[in-house]
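First to last, the sequence lines map onto chains A and B.
Quick note: the first sequence uses the numbering used here, first residue 1, plus one each step.
Quick note: the second sequence uses the numbering used here, first residue 1, plus one each step.
No lab work stands behind these hints: they were computed from the structure.
Incorrect hints may have been included.
[Unchecked claim] List of simulated lysine-lysine pairs, DSSO-like, C-alpha gap at most 27 Å:
| # | chain 1 | residue 1 | chain 2 | residue 2 |
| --- | --- | --- | --- | --- |
| 1 | A | Lys63 | B | Lys76 |
| 2 | A | Lys53 | A | Lys2 |
| 3 | A | Lys37 | B | Lys76 |
| 4 | A | Lys55 | A | Lys2 |
| 5 | A | Lys63 | A | Lys53 |
| 6 | A | Lys37 | A | Lys53 |
| 7 | A | Lys37 | A | Lys2 |
| 8 | B | Lys76 | A | Lys2 |
| 9 | A | Lys63 | A | Lys37 |
| 10 | A | Lys55 | B | Lys76 |
| 11 | A | Lys55 | A | Lys37 |
| 12 | A | Lys2 | A | Lys63 |
[Stated by the list, open to error] Derived list of chain A stretches under chain B, where covered just means 3 residues or more per stretch with a C-beta under 8 Å from a C-beta of chain B:
| # | region |
| --- | --- |
| 13 | 28-34 |
| 14 | 37-43 |
Please read these numbers as outputs of a predicted model, since none were measured by experiment.
For glycine and all other residues, C-beta sits at the position ideal for the given N, C-alpha and C.
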Amino acid sequence: MKNQLRELRGAREWSQGDLAARLHVSRQTVNALETGKYDPSLPLAFRIARLFKRKIEDIFEDKEGGSR
Amino acid sequence: MERPRTQDTWSCNDPRIIALALVAAAVMIVAARLSRGFPLGSPVRIGLALVQGAASAWVIVSIVRGIRGLDELQQKIQLEALAFAFAGTGLLASAYGFLVNAGLPDIDWGTLVWPAMTALWAIGVLLASRRYR
Numbered sequence: 001m002k003n004q005l006r007e008l009r010g011a012r013e014w015s016q017g018d019l020a021a022r023l024h025v026s027r028q029t030v031n032a033l034e035t036g037k038y039d040p041s042l043p044l045a046f047r048i049a050r051l052f053k054r055k056i057e058d059i060f061e062d063k064e065g066g067s068r
Numbered sequence: 001m002e003r004p005r006t007q008d009t010w011s012c013n014d015p016r017i018i019a020l021a022l023v024a025a026a027v028m029i030v031a032a033r034l035s036r037g038f039p040l041g042s043p044v045r046i047g048l049a050l051v052q053g054a055a056s057a058w059v060i061v062s063i064v065r066g067i068r069g070l071d072e073l074q075q076k077i078q079l080e081a082l083a084f085a086f087a088g089t090g091l092l093a094s095a096y097g098f099l100v101n102a103g104l105p106d107i108d109w110g111t112l113v114w115p116a117m118t119a120l121w122a123i124g125v126l127l128a129s130r131r132y133r
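Based on the provided sequences and hints, a complete structural model is requested.
Given below as structure tokens:
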């Protein structure tokens, strides 16, 4: 699933490690999320949305619903 | 509220895993060596066998607790790796059983199953991790 995670992280000048620490996940997970290799669970998606103060659908692209 | 998870990446070369394995192996080896000096069925020999069982149980409990502390992707990787190790060990044992029937020498799977499963688990972690890079 495509997402804006890398852009949002870059705007705050966080490393993948910084973002991983804030989300309580491993750096590998952050990398897998950003490259679209792994889709987050709902709780993790909500944590990401709260962290960046965005809606989930503004961060993650729903292919079936069409891109925003 | 969701329980915070660690950021640990439980790779097969994690120092904690290596230390855990070495300590457990040392306990089992020392107990096995000591037990040879006592007759079969003696209380000391039974006690040392229980010590070996306790060391094995400690390893299993530590592994489960370690996996529970991982994040969701790490747990997914461990699930795939353990499934690979479980199926792979079964397949190896079955396949070698057919070869034994064909005339190859029999081997003690009781001794080999844990090392085989551990090796396949390590391979499984590497293979599963690569999918998410």
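Evaluation of the provided hints:
no. : hint                 : in the structure
1   : A:Lys63 with B:Lys76 : 24 Å, holds
2   : A:Lys53 with A:Lys2  : 18 Å, holds
3   : A:Lys37 with B:Lys76 : 13 Å, holds
4   : A:Lys55 with A:Lys2  : 15 Å, holds
5   : A:Lys63 with A:Lys53 : 22 Å, holds
6   : A:Lys37 with A:Lys53 : 23 Å, holds
7   : A:Lys37 with A:Lys2  : 9 Å, holds
8   : B:Lys76 with A:Lys2  : 20 Å, holds
9   : A:Lys63 with A:Lys37 : 15 Å, holds
10  : A:Lys55 with B:Lys76 : 26 Å, holds
11  : A:Lys55 with A:Lys37 : 21 Å, holds
12  : A:Lys2 with A:Lys63  : 8 Å, holds
13  : 28-34                : holds (count 4)
14  : 37-43                : holds (count 5)
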